[in-house]
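Novice: Residue numbers (this note's numbering), protein chains in the order written: chain Y, 28 to 256; chain V, 6 to 391; chain D, 121 to 429.
Hints listed in this document are in silico derivations from the structure and should not be mistaken for laboratory results. A hint or two may mislead.
[What the hints assert, rightly or not] Dumping the calculated BS3-like pairs for lysine-lysine here, alpha-carbon to alpha-carbon at most 25 Å:
id : chain 1 : residue 1 : chain 2 : residue 2
1  : V       : Lys246    : D       : Lys182
2  : V       : Lys246    : D       : Lys147
3  : V       : Lys227    : D       : Lys182
4  : D       : Lys182    : Y       : Lys53
5  : V       : Lys191    : D       : Lys122
6  : D       : Lys186    : Y       : Lys53
7  : V       : Lys191    : D       : Lys182
8  : V       : Lys246    : V       : Lys227
9  : V       : Lys191    : V       : Lys227
10 : V       : Lys246    : Y       : Lys53
11 : V       : Lys191    : D       : Lys147
12 : D       : Lys184    : V       : Lys246
13 : V       : Lys191    : D       : Lys186
14 : V       : Lys246    : V       : Lys191
15 : D       : Lys122    : V       : Lys227
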Amino acid sequence: MSMILEAFWIWIAALLTLAIFSFLWKDNVFYRTAEHLYIGVANGYSITLIYYNVVLPNMVYPIRGANQALSADGFSWGLLNPFNDHNYFIILPMMVGALYITRFIPSVSWMIRIPIGITMGYYTAIAIPASFKASIVRQLEASILTRSDFDSWSVVFYGLLIFLTTVATLIYFFFSAEHKGALKPISEIGILTVMVGFGASFGLTVMARISLAIGRFIFLFKDWLGVVS
Amino acid sequence: MLAVLVGSGAMAQEIPAEPAIETAPEPEPIPEPPPVLHPPRNIVAQDVPHDNGGVLNIQWEPPIEGVPVRYVLEMAGEDGFFQEVTRTALTQYTVMQLENFVPYRFRVAAVYEKGQSMSPETEPVMARDHWLKLGEMPVLIAIFVFGSLLLFFIQAARRGVELFVRRISGLTAVEDAIGRATEMGKPVLYVPGTSTIEDVATLASLNILGEVARRTVHYDVKIICPNKDPIVYTIAREIVKETYASEGRPDAFDPDSVFFMVPDQFAFAAGVDGIMVREQPATIFLMGMFWAESLIMAETGASTGAIQIAGTDSVAQLPFFITACDYTLIGEELYAASAYLGREPMLLGTLKAQDYGKLVFLIIMVVFTLISVFSGYDAASLVRVR
Amino acid sequence: MKRRFPMTIMFLFAIWGGISVFVGKTKVHDFDNLLRNKLLLIVGAFAIILGLGSLIFHHTQKIKRKARFWQYSYVTLIALAVTTFIGLGGGVRGERSLPTIFGGTVIGAHDGLVYVFTSQAEKNLFMDEPSRYADPTKAVLELPREFETDFNRFEASQLREEIHLKHTALQLKGQPIPPMISPVSNQQVAYKKEFKISLQQLYEGILVPCGSTMFAMLAFYMCSAAYRAFRMRNLHAGVLLVAAFIVMLGQIPLATAFIPGLHELRQWILDVPNLASKRGIMIGVGLGASATSFKIILGIERAWLGGGE
């Protein structure tokens with residue numbers, strides 16, 4: 028039984044693989060079916076994930092536990108402490124979250140902005156120090172040359188070149204001035220540096236993507252058809 | 006250069022050892038006396054300053070004589086019993102996840118092939134948390150400098166000072182691209198990235214969506230906006246709906262134009278590909294944060310003959326957009342886009358602040374490099390985040 | 121009220137978020153963790169109801185309007201219903217922890233780096249305390265190459281083991297451990313009784329092949345993108361292609377053996393222009409992202425409130 032079941036799933040997987048690959052030729056009935064199936068299953072799957080990873084541990088269990096504690100020991104302030112495993116405090120964020128549903132009630136639908144505002148406010152605020160630290164201060168620190176960078180000629184060459192091309196890249200992105208006069212050659216060096224950098228990323232990725240495609244063909248020819256071992 | 010440094014360091018350690026080998030030739034026939042095993046010296050346990058607490062740094066020096074195989078660090082908490090924390094070949098260890106304001110004592114054993122030697126205990130030390138994380142100071146100062154620039158230019162814009170911003174080709178194309186959709190009678194597809202609201206790139210994309218939606222209302226073009234994240238979907242829908250309302254066409258808003266598709270990365274790419282080939286949009290916007298799915302969408306879009314304008318700050322995906330799209334907003338151009346399209350003076354003020362911010366950091370880079378090179382002082386340490 | 125009240129609330133949460141980064145007090149830190157890893161997660165979970173509503177509305181509308189290809193909407197709706205029924209009713213079979221597709225798990229690898237992207241929910245699985253500075257959704261781990269071919273089958277527990285090994289190695293070298301990837305105990309999701317078709321089977325039989333085939337199509341798309349760039353015949357695209365070609369060729373041992381200087385040239389491209397361009401872009405991006413955040417917090421950019429006053 029389990030053998031048949033296993034073969035069944037390998038067939039499904041193989042047919043879906045072919046159906047999706049067929050899109051490279053053109054949109055067709057197989058791709059459309061696979062795509063719609065994929066979207067449906069992936070949605071169902073994430074509902075399950077949210078249920079098990081968020082709803083159960085963060086909403087159901089704490090309240091259920093708090094109910095039990097309340098009926099066993101009576102009320103205590105600890106039941107309102109969000110740091111406790113079992114508490115009623117989490118009803119508050121649940122009520123805030125429920126404001127999302129106000130969208131279906133036109134007269135109060137503006138209240139949807141409250142959970143949106145909370146989420147946006149918090150994440151935009153922590154993004155400021157985060158981007159300053161990772162993108163600016165760290166890069167600045169790494170860009171500053173020190174005396175030891177001038178110990179040998181090859182290092183000077185590398186270090187200085189990185190320094191100057193970084194400056195050129197920054198200048199390319201200046202919005203305040205047209206790329207004219209002295210800025211023209213500098214910003215051109217900047218964009219060329221950027222393009223070489225992008226080329227490097229492109230080149231680095233090619234191999235990994237090809238190995239992925241090979242992986243899929245191995246699945247088709249080995250796991251499904253069994254023509255290669 | 007690195008090799009030279011390491012080499013000289015090793016030399017410095019070996020020199021004192023040499024005379025010891027020469028002056029003490031081992032007498033062969035006499036049975037070995039029990040070796041004297043020396044313990045590690047000068048154990049220092051310290052609270053890491055200006056942090057969240059819970060962390061202590063332990064350092065020690067190698068024994069006077071002999072090379073231990075490894076060290077064993079032991080720690081005693083309030084109960085007074087010593088327990089092993091780690092075994093290491095190094096002379097330093099950071100103990101984490103301790104209780105704040107609880108005294109801990111440490112000792113280190115040097116383990117030799119023939120036994121071990123325990124150091125004396127340290128004085129009790131406590132991990133503390135601190136109000137201000139001083140290690141973050143460079144970040145705080147940088148934010149302060151940039152924030153001031155921002156407020157200055159916003160004020161200047163409010164006073165009506167003319168602020169010049171150069172042409173950004175990817176953005177001047179937006180108007181034409183939507184105009185093209187009007188002529189062809191085809192929809193505009195807008196993908197606000199595949200990330201969540203935690204990514205600022207998503208927020209930037211949502212701001213651009215507002216500007217694009219305003220133009221689609223104006224030209225009376227259908228907009229299609231599929232979403233991967235439910236929260237982003239909710240905001241995107243509000244933005245498009247409000248834009249229709251503020252442009253005086255609330256009735257023209259199609260509640261199905263902005264929709265949630267699927268939270269799975271590749272399922273989303275599959276679905277967007279489907280829309281591209283079936284709805285044949287005249288113009289495609291791919292704005293925000295993308296991962297590997299970027300090229301799947303961009304190449305399919307390119308094959309349909311649509312005009313594609315992409316924008317992302319993901320350095321890894323930019324090369325693919327550049328090869329497959331007609332226009333690509335690179336990095337900060339994505340963040341400049343809504344200000345540029347909106348042409349609102351206050352928003353343009355922030356663009357100016359970005360430029361001057363860059364200038365300030367450029368000057369710091371040059372000046373600090375000059376200081377380091379000519380004085381030998383490590384100026385980079387001034388901006389180091391600990 | 122309709123605009124000012126949400127604005128005020130947003131501003132208060134922004135102040136909290138901004139301040140908590142610089143305050144080291146444990147109480148502040150603990151509350152911030154609670155807010156980020158629990159309370160905001162609860163708030164956000166409700167948005168999926170809207171998402172789901174939208175999805176169902178989108179497809180029922182299509183069926184009702186008999187829009188083009190409306191028949192396929194049945195496929196999505198039925199698949200959604202069946203998967204949800206199996207997932208919530210049947211749970212997950214087997215020993216392994218729940219494979220995570222929401223937001224993706226291990227999505228790509230090259231050059232010995234495995235890229236792990238995690239959603240909010242998964243952050244708890246992989247990282248007990250994600251650093252707020254290093255973007256936890258973009259954690260990059262160095263893992264051995266053997267994981268490259270089959271990441272979609274990658275298991276969370278395996279990953280954690282690798283993280284643990286990696287950390288031990290870093291510790292031995294005396295290097296600091298990246299705060300964003302610390303190992304956590306193996307968290308298992310509560311399982312329920314076994315069904316004939318389990319969610320695990322749907323995952324392995326449908327989601328994995330579809331996902332990895334979509335991913336594998338990139339190999340073809342990369343070729344067509346390169347050809348497209350080649351046809352553009354402008355300097356910038358040409359420079360990009362040449363650099364890409366050198367870097368790609370330099371990865372092949374046979375090529376480096378026959379072409380003298382190729383390896384050095386590749387290394388130079390990676391070390392100099394590549395580094396400089398990324399640095400330049402990152403500084404600009406940092407400023408742009410911060411400016412966008414400031415604009416939203418200060419209420420200058422208020423598209424989310426529908427613009428206007």
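Novice: Indicate, hint by hint, whether the structure satisfies it.
Specialist: Each hint tested on the structure:
1. V/Lys246 / D/Lys182: 20 Å, holds
2. V/Lys246 / D/Lys147: 41 Å, violated
3. V/Lys227 / D/Lys182: The hint holds at about 16 Å.
4. D/Lys182 / Y/Lys53: 23 Å, holds
5. V/Lys191 / D/Lys122: With Cα atoms ~35 Å apart, V/Lys191 and D/Lys122 exceed 25 Å; violated.
6. D/Lys186 / Y/Lys53: Since the Cα atoms of D/Lys186 and Y/Lys53 sit roughly 23 Å apart, the hinted pair holds (cutoff 25 Å).
7. V/Lys191 / D/Lys182: 18 Å, holds
8. V/Lys246 / V/Lys227: 13 Å, holds
9. V/Lys191 / V/Lys227: OK: V/Lys191 and V/Lys227 at ~7 Å, within 25 Å.
10. V/Lys246 / Y/Lys53: Roughly 34 Å separates the two Cα atoms, so the pair is violated.
11. V/Lys191 / D/Lys147: Roughly 56 Å between the alpha carbons, so the hint for V/Lys191 and D/Lys147 is violated.
12. D/Lys184 / V/Lys246: Satisfied, since the Cα-Cα distance of roughly 23 Å is no more than 25 Å.
13. V/Lys191 / D/Lys186: 19 Å, holds
14. V/Lys246 / V/Lys191: Between V/Lys246 and V/Lys191 the Cα gap is close to 20 Å, so the pair holds against 25 Å.
15. D/Lys122 / V/Lys227: 28 Å, violated
Of the hints listed earlier, those the structure fails to meet are numbers 2, 5, 10, 11, 15, in rising order.
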